[in-house]
Amino acid sequence: MEQYFENIHSVIKLNTENYEIVKHRNQITYTIPKDNLLDICFELKENPEIALDMCVDITAIDWLDKKHNRFEVVYFLYSMNHNKRLRLKVQISESSLLCPSVSEVWGSANWYERETFDMYGIKFEGHPNLRRFYMPEDYCDPETGEPLYPLRKDFPLMGIPDSMPLPPYPEKFGDVI
Amino acid sequence: MGLDEQLQKDGFITTSIDAVIKWAQNSSVWPFPLGISCCAIEMMAAASPRFDLARFGSEVFRMTPRQSDVLLVAGTVTYKMAWVVRKIYDQMPDPKWVISMGACASTGGMFRSYSVVQSIDKFLPVDVYISGCPPRPESVIKAIMMIQDKIKSKEYKPALVNFGKDVSPMPHQGSNSVM
Numbered sequence: 001m002e003q004y005f006e007n008i009h010s011v012i013k014l015n016t017e018n019y020e021i022v023k024h025r026n027q028i029t030y031t032i033p034k035d036n037l038l039d040i041c042f043e044l045k046e047n048p049e050i051a052l053d054m055c056v057d058i059t060a061i062d063w064l065d066k067k068h069n070r071f072e073v074v075y076f077l078y079s080m081n082h083n084k085r086l087r088l089k090v091q092i093s094e095s096s097l098l099c100p101s102v103s104e105v106w107g108s109a110n111w112y113e114r115e116t117f118d119m120y121g122i123k124f125e126g127h128p129n130l131r132r133f134y135m136p137e138d139y140c141d142p143e144t145g146e147p148l149y150p151l152r153k154d155f156p157l158m159g160i161p162d163s164m165p166l167p168p169y170p171e172k173f174g175d176v177i
Numbered sequence: 001m002g003l004d005e006q007l008q009k010d011g012f013i014t015t016s017i018d019a020v021i022k023w024a025q026n027s028s029v030w031p032f033p034l035g036i037s038c039c040a041i042e043m044m045a046a047a048s049p050r051f052d053l054a055r056f057g058s059e060v061f062r063m064t065p066r067q068s069d070v071l072l073v074a075g076t077v078t079y080k081m082a083w084v085v086r087k088i089y090d091q092m093p094d095p096k097w098v099i100s101m102g103a104c105a106s107t108g109g110m111f112r113s114y115s116v117v118q119s120i121d122k123f124l125p126v127d128v129y130i131s132g133c134p135p136r137p138e139s140v141i142k143a144i145m146m147i148q149d150k151i152k153s154k155e156y157k158p159a160l161v162n163f164g165k166d167v168s169p170m171p172h173q174g175s176n177s178v179m
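Those protein sequences? They're chains Y and V, same order as listed. Quick note: the first sequence uses our numbering, first residue 1, plus one each step. Quick note: the second sequence uses our numbering, first residue 1, plus one each step.
Please keep in mind that the hints were generated in silico from the structure rather than gathered at the bench. All C-beta atoms, glycine included, are put in the ideal place defined by N, C-alpha and C.
The calculated label-pair distances, taken between Cβ atoms and stated as ranges, are: (1) V:122 <-> Y:93: 33 to 43 Å; (2) Y:63 <-> V:150: 47 to 57 Å; (3) V:44 <-> Y:157: 24 to 34 Å.
Kindly generate the complete structure, drawing on both the sequences and the hints.
Right, dumping it as structure tokens:
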């Protein structure tokens with residue numbers, strides 16, 4: 001393996017023994033436990049041999065019944081100096097839905113985590129401003145009052161009726177809301 | 001007898017107020033360009049010299065709803081955006097018309113999903129729909145001309161000018177909304 005990825009491997013090995021590695025078309029993905037996520041991310045960013053200084057995207061996958069842990073948060077990292085990319089995955093169970101926030105490590109993670117929270121309902125611990133990103137802040141099922149997360153696999157494609165009301169129809173000229 | 005001769009001979013013409021107002025309104029249908037996605041590009045092309053919407057009196061795209069007659073909804077309207085569209089519509093002075101431009105505004109288009117309003121006629125009275133994804137600039141011109149036909153028709157009675165009321169719609173987006 002390339003020296004650069006050996007450096008990454010040693011960092012991850014130092015922090016945890018409980019990791020999985022997947023190589024596909026020269027793209028490397030590590031699945032790590034969420035308790036070690038922050039330490040590993042700090043090291044990956046600060047170590048000059050690795051210097052993954054850019055968080056390109058954070059998103060999640062909803063596996064529903066296909067995996068033991070329902071959600072998987074995915075981090076796409078990039079190193080400007082080395083022109084290398086790395087993908088990290090963290091598994092989140094449906095019962096806790098908690099994930100450590102990396103917004104202290106990469107500033108760009110702030111909005112990505114808000115988006116992931118908005119779409120999947122994963123709560124990022126330590127996030128400075130964890131509000132909904134795209135959907136209305138009070139977006140919930142009008143019958144049960146449960147908050148809705150649209151990118152979950154059990155969310156109906158056309159949404160829940162009346163969860164987002166439209167403005168009333170203007171009946172005549174000059175009719176304002 | 002032509003208009004020129006009449007003016008030279010008598011210096012005045014007799015007609016009805018209705019006809020004059022209709023003639024004036026129909027020759028200056030000013031659109032509000034609500035370009036909220038890719039249809040806006042074709043809308044701008046319709047105003048450009050190649051297609052030249054100015055030939056039909058609609059060259060002035062007013063960038064404020066208070067000076068415009070037609071709301072040209074050019075693009076996908078989401079449930080969140082619907083309140084903004086309605087707010088702009090409310091700010092336009094009467095009489096006003098609405099053109100729904102393109103597949104997205106008219107039917108939701110390819111965005112058959114939870115976030116997109118499946119046709120703006122669920123919350124706005126639409127006068128003319130334009131098909132296409134996006135429509136050709138000629139279709140926009142055709143829509144403007146259909147509005148002109150509507151103004152010229154016998155059914156349309158010009159009323160006294162009623163300026164848009166200065167009332168803002170209540171936002172529904174939650175406590176931290178910018179609206």
